[in-house]
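J.: Here is what each chain is made of, one letter per residue.
Protein chains: 2
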Amino acid sequence: MPEFGIGIDLGGSKILTGLMTLDGEILSRRLIPTEAGTQAPAVIIDKMADSVMELMAEAGGARKIMGFSCAAPGPITYPHGVIMDSPNLGWQQVRLKHELEKRLGQKVIVGKDTDLAALGEYYFGQGCQYDHLIYITVSTGIGGGIIADGTIYHGTRGGAGEFGHMVVNPNGYYCFCGRQGCLEAQASGTAIAKMAALTMSGAGNDWANQSSGVITAHEVGMAARAGQKEAGRIIASVITDLSNGIANLVHIFNPQIVVLGGGVMQGLQDIMLKSLRERVMEEVFPLHGAGLQIEVTSLGSDIGLYGCLAAILQERDK
Amino acid sequence: MPEFGIGIDLGGSKILTGLMTLDGEILSRRLIPTEAGTQAPAVIIDKMADSVMELMAEAGGARKIMGFSCAAPGPITYPHGVIMDSPNLGWQQVRLKHELEKRLGQKVIVGKDTDLAALGEYYFGQGCQYDHLIYITVSTGIGGGIIADGTIYHGTRGGAGEFGHMVVNPNGYYCFCGRQGCLEAQASGTAIAKMAALTMSGAGNDWANQSSGVITAHEVGMAARAGQKEAGRIIASVITDLSNGIANLVHIFNPQIVVLGGGVMQGLQDIMLKSLRERVMEEVFPLHGAGLQIEVTSLGSDIGLYGCLAAILQERDK
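In order, the protein sequence lines correspond to chains A and B. The numbering used here puts the first residue of the first sequence at 1, with every later residue one more than the last. The numbering used here puts the first residue of the second sequence at 1, with every later residue one more than the last.
By construction, these hints were calculated from the structure, which means they are not laboratory data. Please read all numbers here as calculations on a predicted model, not as lab measurements. You may find that some hints are simply not true.
One copy or any two copies: either way a pair holds, since identical chains are not told apart in the list.
[Said to hold, decoys possible] Mimicking SDA-like on lysine to any residue, the simulated pairs with C-alpha atoms at most 20 Å apart in a straight line are:
1) Lys107 - Gln293
2) Lys318 - Met222
3) Lys318 - Thr151
4) Lys318 - Asp149
5) Lys102 - Ser298
6) Lys64 - Leu27
7) Lys274 - Val296
8) Lys274 - Gly227
9) Lys194 - Tyr174
10) Lys318 - Ile271
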């Protein structure tokens with residue numbers, strides 16, 4: 001009788017695998033570095049499969065496992081799980097689902113990390129009562145996932161949910177994608193660091209102890225909390241662009257809940273969440289604002305694993 | 001044996017009702033003025049019901065009718081069909097579905113006009129092969145509808161698809177909704193007329209024969225075609241904002257086709273469509289651009305009736 005699910009969360013810097021009970025308890029976790037810069041995709045997929053094998057052994061063999069799922073950075077096609085041209089991994093046209101299934105001899109549900117995070121929220125997080133949920137991750141980049149009528153909305157080929165590449169300010173910063181003023185270029189961790197660097201390069205700044213010369217979003221947050229004005233202005237600018245982006249998505253999807261995740265959002269929620277909520281509520285129509293929840297995920301860095309388990313459960317219940 | 005469907009397209013200035021065969025032939029149309037400015041909602045709904053009764057009689061009675069559907073301006077709740085606070089009609093909290101059903105003694109599917117237009121495209125227009133379709137109407141305002149996996153995506157309460165209230169330029173024109181730089185404030189017929197008026201009020205313009213003092217989007221289009229520079233600049237600005245908005249939606253939904261409708265878009269397609277297509281294709285990721293179609297509706301002003309019939313057919317086939 002299958003009792004467990006196994007999830008793989010493939011990130012740009014690390015791979016997290018987990019053995020989970022079907023009601024969402026994570027029994028065992030394994031963390032390995034991705035090393036995409038120095039190792040070929042095939043080697044990295046070998047490591048992923050090895051880690052899953054160890055978890056399977058721990059569970060008592062394949063017959064104990066209900067299903068396998070892997071969350072990977074986009075752009076990745078759905079349902080075929082081909083990583084297209086990933087800026088995070090530097091991979092091009094890697095048939096991740098095919099390669100994992102070949103190694104494991106098992107069916108693996110492969111999805112975009114942010115799509116699965118949205119599904120994880122819907123099954124195990126604060127979004128579990130809400131069939132219409134938008135998930136936005138604010139991290140080094142910005143991405144998202146859509147829960148529409150209780151399932152992930154993938155679009156034609158898995159590309160739906162690229163909220164980071166919604167232009168919110170056509171006169172804003174240039175994005176790596178070539179457009180100007182993408183939400184990601186305005187409000188991601190990378191954008192915050194860039195704004196801080198631009199401010200630093202100006203005269204008369206009073207940032208504390210910047211020995212490395214690189215200011216992170218975390219440090220901008222600390223400076224803003226300490227009342228440093230330029231840092232406060234950067235955070236205010238991020239709140240403006242993020243709240244515009246969220247309000248746009250609320251008008252586009254009319255969700256019940258917007259869940260915010262990602263390291264930057266989780267780290268800066270104390271100085272951003274209240275203002276974000278207020279601004280979005282001011283900006284949306286009454287039909288769209290009625291009952292709308294805006295929350296930060298409570299699933300932390302395990303959200304990818306929860307998403308994998310949710311995908312396994314949804315597949316079982318189809 | 002039911003052979004027909006009856007549709008009602010309630011607009012701000014006119015009401016179009018139609019008797020249709022189930023394969024999409026419009027046998028009979030009735031057009032009546034809405035007169036929302038001078039008549040109470042109940043009186044207007046009486047007129048709508050009377051028009052439907054006449055079509056029913058023409059068809060040979062209720063038993064010949066498969067279903068009834070009404071397209072109405074948003075914001076309107078789904079599935080309850082309550083018009084909330086309609087800028088087009090000036091109606092507030094009108095239970096349109098309930099009132100129509102009471103008068104007709106029949107179930108009536110009531111939806112947002114742009115949602116039903118999207119469904120009409122999916123069943124009877126150029127979108128009929130595409131399960132992932134985005135419909136955008138560019139008219140006095142801008143609105144939209146989402147076909148996700150072959151059905152209308154309504155969101156929580158029917159508010160999904162408000163593409164006109166996606167901010168595309170936070171330093172742009174003020175919108176009636178209070179936000180700045182909504183797509184509707186930048187690229188609708190009303191926006192084009194406003195930009196023309198602002199240009200007119202400047203010195204040294206050479207617009208031809210503006211006796212009324214009001215320049216319409218149609219006239220701006222004619223001037224642009226004749227090579228008038230300021231008109232050309234207005235059209236270029238509209239193309240920029242619309243293509244940004246469409247590219248955003250392509251990243252958000254990864255659709256197979258974007259269908260453009262509305263009087264302004266249909267009237268100006270000869271000077272806008274080619275540039276819109278080129279710009280959107282330049283702006284979107286390869287995953288999203290592959291195979292993407294951008295078309296102008298071929299259903300013209302009957303798109304609302306086709307949408308009603310599509311809703312009736314989808315209900316039958318559930």
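J.: List, from low to high, the hint numbers that the structure doesn't satisfy.
T.: Violated hints (numbers, rising): 1, 2, 5, 10; every other hint is consistent with the structure.
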